[in-house]
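Start from chain A and add chain B according to the hints.
Residue numbers (the numbering used here), protein chains in the order written: chain A, 3 to 219; chain B, 49 to 548.
No wet-lab data here; the hints were simulated from the structure.
Treat the numbers as computed from the prediction; the structure is a model and nothing was measured.
Think of the CB as a built atom: it goes at the ideal place given N, C-alpha and C, for glycine as much as any other residue.
Some chain A residues close to chain B (C-beta under 7 Å, calculated; not the full set): (1) Leu93; (2) His170; (3) Gln203.
Covered by chain B, per the in silico footprint, the following chain A stretches (three or more residues, Cβ under 8 Å): (4) 29–43; (5) 83–92.
Given next are the chains, with one letter for each unit.
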Amino acid sequence: MTGLGGTGRLADDLWLLAHNERTGKPHLQPRATGLGLAGALLAELMLSHSIRLSRGMVMAADGIPPRDEVARSVLRLVISEPEHLVGDWLLFLARTAPGDVAGRLERAGYLTRIPRSRFSRGERWVPVDADCAFAPLVRVKSVLRKSGPASAQDAALGGLAAACGLGHQLALYLPSNAIRRVEEAARHLDPGLRELIAHTQTAVDRALLSHRVSHPV
Amino acid sequence: MSRTQMAGSKTSSVSRALARDRLGVPAVLFFVLSGVAPLTVAAGVIPTAYQTTGLTGIPAAFAVIAVILAIFAIGYVAMTRHIKNAGAFYAFVARGIGRPVGVAAALVALLSYNFLQVGLYGAFGPTAASEAAAHLHVHTQWWEWALGAWAVITVLGLLRVEITGRVLGVLLTAEILVILAETAAGLAHPAGGHLSFATLSPVALTSAGFGTFGVLAVVAVLGFVGFEQAPVLAEEARDAWRTIPVATYVALGMIAVVYAGASWAMAAHNGDSRVVDAAGQQGPGLLFGLGGSGTLSQAAQLLFLTSLFAAALAFHNCCWRYAYALGRESVLPSRLGRTGGNNIPKAASLVQSVTGLAVIAVYALAGWDPLTRLFFWLGTTGGFGILALLALTAIAVIAFFAHDPRGETPWRRLIAPALAAILLTGIVVLAAAHYATLLGVPAGATAAWALPASYAAAAMIGLAWGLVLKIRRPQTYAAIGLGAHAVTGQLTPATGTTPS
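Isolated chain A (complex conformation) (with noise of 0.2 Å):
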């Protein structure tokens, strides 16, 4: 069942956040968006304490494995191969990232997806419900409620949108100084969460600083 809560999942929310809320089209650049699914994903599993990061490298943990297909193909692949760093696993994941995570809410019933046409290079989403589709901007704004701590999901998923450039989206509807706030939260989560966001923010800058815009297939 769709509803504004949302699937509960983290890589969901960002993806939803980082298009628009009625015609699916991208706020950010493709990879950027790839990037910050990416992010998304592992912090997911972070969140379940499937993986944990240390000092640049992803390894797993003895959390409860992830129900979802999508996680658990990323779990998968962490575990079988460990040696990586967490800057190519963002590569990485970057490359299939949106698109796993569209057919994710698509098969939660909150996307619906468009066969590609004559003028258009590949297939499209289109949010089923605005409201829905709008409703992780609300769990964003949750994070600047003064009364008790944010979630740590909300905190990060803040933390992530800011970092592949989603700032300015969010300007539009939350009060001024709102991204300092958001930025602020992120500040407050666990080292590792933490790191992960800073490595998100690096990768979407390196992107933009290194002449390639969209990934290259």
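Chain B alone, transformed into the frame defined by chain A:
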């Protein structure tokens, strides 16, 4: 099954999947050459240099500078393998010599690329105006065309459109072919029926005294600007030990042959003693006239316009990237390091556009000649700044490896960089002392000291600001030179391309 899983099981290795996305020598070489804009130099810089400096040793200068830059590149590409944010001079300087000097280098680099960028409007404006007058019978001022180009570049900058891939490939190939064709035609019809090699001889470098070499070297370095960009792609290169060096050396060789050939053909075709006068009369026509006034000449003139435009856009992008990276490090106001919708660095791009507008306006209002005073003066001053940075970077390479050789041979980490540092520093000193000759003005003219002095001012401000950061904002200070790695630089040990 998810695509991630499919990709994983098919390749069985994350590394292999990532390796497929990495860039080989042709891609890096192509990227470097596209920033060099060959026709802008061959038709714009070389004739104006003949005219303004009155010196004929330009062909020899291209050949000699190519060798000096190749020696420089040995240490430069070696250090690229060991640092992050390679490709930005200030990153080398910050790591090698120290962060305050790094900030000084950053401001000098930003100023240099700015001179190079705004200078191009001074060539595009008059060329477009004369083309429009000749073919469309539209008579307009140079600055109207310059403003037109400025407006398009501003919009493309804000939309983050870059001329890449096929369009640039076709333009670049056409430019090089046209230059080679004009060169061959010019050499086939030498003045007086006898082909002179005098301008290619090293003797020509010091024809009007030893200081001449400094002047010619700045012109030659200006032609090579862009070759230093290969390490920008170091982190995306297929093989950090091979791809970047090979692309850099091949680019240097290709540029040297094309430019030395074209400038030699101009002198040979018009006569060594007449080429300076001919350059004064014909301007860019000095190149276009080598093969007569037929289709080749027409095509060359049109390509010259697209080359100037592409170069102006490329340097615009280069400038905002520098400003953006410095904004991310909080060395410059962090607003410059923020992006708007679609990851577009609006502030950094707009700052560059405003600078361009201001310069065009000043030149238009003052009625200064765009081709010599805007294009050549600011262009060569940009080249002079790059020359100074090359010298400083060579010193930084020696300092960087002084504590830890990191497996590099003495030739790469000490001997070649020391040779480059001595030669480049000597050239900088000679050029600064003969700056009036470079600009073609009487000794003591304001421009002859004010333009090079602008770098001294930028360096002083940078140095002071670096020291302020050290005391007031230690966190910002620690991240100087890290560029995109500013956020993670302090989290983890070196995790970049450093081989273990």
